[in-house]
Each structure stands twice: as structure tokens, then as C-alpha cells.
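Student: Going line by line, the protein sequences match chains A and B. For the first sequence, this note's numbering assigns the number 1 to the initial residue and increments by one for each residue that follows. For the second sequence, this note's numbering assigns the number 1 to the initial residue and increments by one for each residue that follows.
Derived by calculation from the structure, the hints in this document are not laboratory data. Heads up, a few of these hints could be off.
As the list claims (entries may be wrong) - Covered by chain B, per the in silico footprint, the following chain A stretches (three or more residues, Cβ under 8 angstroms): (1) 34-46; (2) 66-72; (3) 134-140; (4) 180-189.
As the list claims (entries may be wrong) - With beta-carbon atoms standing in for the labels, derived distance ranges: (5) B:Val-118 x A:Val-58: 49 to 59 angstroms; (6) A:Leu-201 x B:Leu-188: 32 to 42 angstroms; (7) B:Gly-103 x A:Trp-9: 38 to 48 angstroms; (8) B:Thr-4 x A:Leu-214: 31 to 41 angstroms; (9) B:His-207 x A:Ala-49: 24 to 34 angstroms; (10) B:Arg-202 x A:Ala-31: 27 to 37 angstroms; (11) A:Gln-118 x B:Val-118: 44 to 54 angstroms; (12) B:Arg-202 x A:Trp-3: 42 to 52 angstroms; (13) A:Ala-116 x B:Pro-109: 27 to 37 angstroms; (14) B:Pro-81 x A:Asp-4: 34 to 44 angstroms; (15) A:Trp-205 x B:Asn-145: 17 to 27 angstroms; (16) A:Val-61 x B:Arg-210: 42 to 52 angstroms.
For each residue, glycine too, the CB sits at the ideal point set by N, CA and C.
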Amino acid sequence: MTWDWSYAWSCLPLLWQAGLITVLATVIGGALAAVGGLPWAVLLRSDHAWVRRPADAVLQVVRNTPLLVQLYLLYYGLPHLGWSPSPLVIGIAGLALHYAAYAAEVYRAGFSAVPAGQTEAARVLGLSRWQRFRHVLVPQAIPPVLPALGNLVVALFKDTPVLSAITVIELLTRAKLLGAESFRYLEPMTLVGVWFLIASLVAAWPLTRLEHRLRRIPT
Amino acid sequence: MDPTWVAPFASGLGITLGVFAGALVVACVSGVLLGTIATYADTPLRLACRAFVDVVRGTSALVQLFWVVFALPLIGLRIDPLSAAILVLGLNSGAYASEAVRGALAAVPSGQREAAVVLGLSPLQCWWRITLPQAVPIILPSATNLAVELLKNTSLVSLIGLADLTFQANALRAATLADSAVLVVLLLIYLVLALGVVRVGRWAEQHAGRWRARLIGQRA
């Protein structure tokens with residue numbers, strides 16, 4: 001069997017639609033993970049062990065278990081708790097939770113890279129806890145970790161095909177359906193691979209730019 | 001946990017560990033080779049290796065798995081699902097590991113290589129006995145992380161029909177209607193396995209320095 005260009009062309013419109021779902025899951029999931037990771041990192045830095053320990057335990061569980069299993073647990077478990085959102089919503093929530101744990105770790109690294117003298121000086125100057133966090137810690141901790149956060153979003157993007165396991169019609173599911181209809185998997189599967197490759201390379205470009213830019217800023 | 005769950009979980013564990021071990025070997029070998037080529041080889045070979053690593057890292061592991069299982073047979077390359085899983089997951093981790101290997105090899109002081117050349121070691125001897133042993137302690141922390149990622153990725157093989165832990169748990173879930181309980185047990189098994197991998201990694205990190213000292217002692 002050889003590559004059939006006309007069949008590949010005919011696959012494109014449906015794959016394009018599915019690609020939009022993939023992009024949607026990436027953008028919303030990535031934004032939620034980036035936002036949710038920050039309070040999580042703050043909990044990890046808490047002075048109280050009863051706050052820090054549970055936050056760290058949940059982080060370890062989320063980071064050390066497969067995304068697929070977490071998605072299954074949400075997909076089959078949530079209805080028992082009386083909430084049955086659509087597969088896409090569950091998929092986005094699962095991606096966001098999984099990557100929020102990674103983001104929390106990234107933020108934690110960013111916070112610990114800020115010299116202790118900064119917070120101490122702010123405290124001596126009479127800044128409140130919130131002011132110290134908002135005006136001293138965050139401006140110094142977040143910019144250096146932005147490239148790492150960007151890499152997480154790219155990783156999340158590449159994990160979106162796992163959503164096919166909970167019946168979300170994203171790119172991989174669509175390619176499987178197209179293949180099952182025509183018994184030709186080669187073209188749709190290859191197109192999905194190429195789509196991911198191009199998107200990852202396109203995403204990598206601004207990230208390297210950002211990294212170079214941050215390196216030039218004296219700290 | 002129901003006692004009847006033990007047998008399916010045990011057989012699933014066997015497949016999961018088998019895929020993990022096989023893929024780990026593929027990942028180590030391919031990671032070291034790709035990283036070495038990326039560091040030392042001449043331009044055409046280096047670019048080919050770079051392209052391979054970028055393609056693997058730029059596409060999704062699950063897409064690669066599906067592509068090898070569903071699309072490759074159509075152009076005449078038929079691989080059984082188990083070998084495909086080991087190969088794809090192994091090369092996937094190997095591509096990521098090659099970046100760590102490249103960084104570590106570059107971090108070994110150039111004086112080490114120069115001294116080895118002056119002492120008359122061939123490039124291969126120099127790589128195997130001088131540079132690589134010094135790179136290993138640098139690689140180990142990221143290798144541990146990658147091994148955990150690899151373990152988590154083995155759950156994807158359930159989607160190409162291999163009866164691993166996730167596959168067995170899913171079958172149990174469908175059969176027993178004890179949805180959440182089965183999946184919570186599954187989650188805990190993966191957690192224990194992953195923490196075990198981290199333990200082994202930390203242990204190796206602690207001992208890497210000592211191994212190196214002993215190796216150098218033997219040579220002297």
C-alpha cells in the first residue's frame with residue numbers, strides 16, 4: 001500500500017476540526033495548570049506542616065501516577081459523586097490537574113531561587129505578607145521560570161492524545177475513526193504526527209526567543 | 001480490595017514491568033548512542049541524529065505508538081504490539097535522555113579527553129573509559145525523572161491492546177462495577193512502583209561516585 005494524496009486531502013477537514021479541540025484543550029488546560037500551580041506552590045512553602053505535608057503528598061501522587069489513570073478515575077469516579085461533566089471538560093480538568101503539579105514544582109524552584117535576604121529586607125521595611133509576596137517574591141521568582149512553564153504547556157499539548165481514551169474526539173480519535181472507516185490508517189495517522197511535529201516546532205520558537213531574552217536581563 | 005482482583009492485577013503487573021524493563025534498556029542504549037553522536041559525530045550524522053530526536057520529541061508518545069501499530073503495517077512493516085511498545089516507548093525516552101547525555105558529556109572537562117589522547121587511548125577507549133564514566137553521575141538525576149516518566153507512559157500500551165496493569169484494571173472495572181475502588185488501587189500501585197524507581201535512582205546517585213573511584217582504582 002502506498003501513500004494516497006487524494007485520500008490524505010479528504011481527511012484534512014475532519015482532522016482540522018479535531019485539531020481545534022486539541023488546541024482548545026491545550027490552551028484552557030495549560031492556562032488552568034499555570035494559574036493553579038501558583039497557589040499550590042505557596043502551600044508547599046507554608047510554615048505549617050499540616051498545610052505543607054498534604055500539599056506535597058497530593059503533588060507526589062499526581063506526579064508519580066499516569067495521566068491516563070487519573071483521567072479514568074475522573075471519568076468514572078466523578079459521576080459517583082453526582083457530577084457528570086462532558087468528556088472534554090473532564091479531559092481538560094485532568095490535564096490541568098496533572099500539569100498544575102508540575103507547574104507547582106516549577107514555581108517552587110523559582111521561589112527558592114530568590115535570595116532569603118530579599119524577603120527579610122521586605123519584612124524589616126514593614127511590608128505585609130501579601131505585599132512581600134506580590135511585590136518582592138513574584139516579580140523575582142516568576143520571570144526566570146517562564147521558559148520552564150512554556151515547556152510544560154508543550155508537554156501538555158503532546159499529552160492531549162491521551163484524551164482519546166475517554167472518548168474525546170481530538171486528533172488521534174478522529175484519525176482512528178477515519179482509519180476504521182476506510183481501512184487506511186497510514187494517511188490520517190501520519191498527518192496527525194506531522195501536525196504535532198509542526199505545532200511543537202512552532203511553539204518551541206518563541207520559547208527559545210524568550211529564554212535568550214531572559215538570559216540577557218541582568219538579575 | 002476484593003481477593004479476586006489479585007490475579008488480574010498480578011498478570012497486569014508482569015506486562016507493565018516487562019514493558020518498562022525492555023523499554024528502559026532501549027532507552028539507555030539509544031540515549032547514550034544518540035547523545036554521543038550529537039556531541040562528537042561529524043555534521044551529516046549529527047544532523048540526522050538531531051532530526052530524529054526532534055521528531056520524536058516533537059510528536060506525542062501515544063501518536064507514535066498508534067502510528068507504529070496501525071500505520072506501519074500498511075507499508076509492509078508488521079511488528080507485534082509488545083515489541084512495538086518496547087521499541088516506541090524506549091526510543092521516546094531515549095530521545096529525551098540523549099539531551100541529558102549530550103549536556104553531561106559536554107560538562108566533562110576537556111583536559112580529561114586531551115590527557116587520554118596524549119596517553120595514546122583510541123577515541124573509543126577514551127569515550128568508554130574516561131568520558132562516559134564521568135558523565136554518568138551528572139546524568140543520573142535526570143535519568144531517574146525520565147525513568148518515572150517512562151513508567152507512567154507504559155500505561156499507554158493498554159490502548160493498543162496489551163494486557164498491562166491499566167488494561168486489567170479497566171477490564172475489572174467494567175466487570176465488577178466497582179469503578180472508583182479498582183482505579184484507586186491502580187493509582188496506588190503505580191505510585192508505589194514510581195516511588196520505588198525514585199528510590200533506586202537516588203541509591204544509584206549516591207553510589208555513582210564510589211563506582212567511579214573503584215573503576216579508576218582498578219585501572220591504576
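Student: Okay, Gly-103 (chain B) versus Trp-9 (chain A) on CB: inside 38 to 48 angstroms?
Tutor: 42 angstroms, holds
Student: Determine whether the Cβ-Cβ distance between Pro-81 (chain B) and Asp-4 (chain A) falls within the hinted range of 34 to 44 angstroms.
Tutor: 25 angstroms, violated
Student: For the segment 180-189 of chain A, does the count of residues with a C-beta closer than 8 angstroms to a C-beta of chain B reach 3?
Tutor: Holds, because 4 residues of the segment 180-189 of chain A bring their Cβ atoms closer than 8 angstroms to Cβ atoms of chain B.
Student: Are there at least three residues in the segment 34-46 of chain A whose beta carbon sits under 8 angstroms from a beta carbon of chain B?
Tutor: Check failed, 0 qualifying residues.
Student: Does 42 to 52 angstroms hold as the CB distance between Arg-202 (chain B) and Trp-3 (chain A), or does it fail?
Tutor: Once the Cβ atoms are compared, 48 angstroms apart, the range 42 to 52 angstroms for Trp-3 (chain A) and Arg-202 (chain B) holds.
Student: Please test the hint of 44 to 54 angstroms on the beta carbon pair from Gln-118 (chain A) and Val-118 (chain B).
Tutor: 48 angstroms, holds
Student: Please check whether the segment 134-140 of chain A has three or more residues whose CB lies within less than 8 angstroms of a CB on chain B.
Tutor: Violated, because only 0 residues of the segment 134-140 of chain A bring their Cβ atoms closer than 8 angstroms to Cβ atoms of chain B.
Student: Verify the CB-CB distance for Val-118 (chain B) and Val-58 (chain A) against the hinted window 49 to 59 angstroms.
Tutor: 55 angstroms, holds
Student: Should the hint that Ala-116 (chain A) and Pro-109 (chain B) are 27 to 37 angstroms apart at their CB atoms be regarded as holding?
Tutor: Since the Cβ atoms of Ala-116 (chain A) and Pro-109 (chain B) sit about 32 angstroms apart, the hinted range of 27 to 37 angstroms holds.
Student: Kindly confirm whether 42 to 52 angstroms is satisfied by the beta carbon distance between Val-61 (chain A) and Arg-210 (chain B).
Tutor: 33 angstroms, violated
Student: For the segment 66-72 of chain A, count the residues whose Cβ lies under 8 angstroms from any Cβ of chain B; is that count three or more?
Tutor: holds (count 6)
Student: Is it true that the C-beta distance of Thr-4 (chain B) to Leu-214 (chain A) lies inside 31 to 41 angstroms, as the hint says?
Tutor: Check failed, 56 angstroms falls outside 31 to 41 angstroms.
The structure does not agree with the numbered hints 1, 3, 8, 14 and 16 stated previously, though it agrees with the rest.
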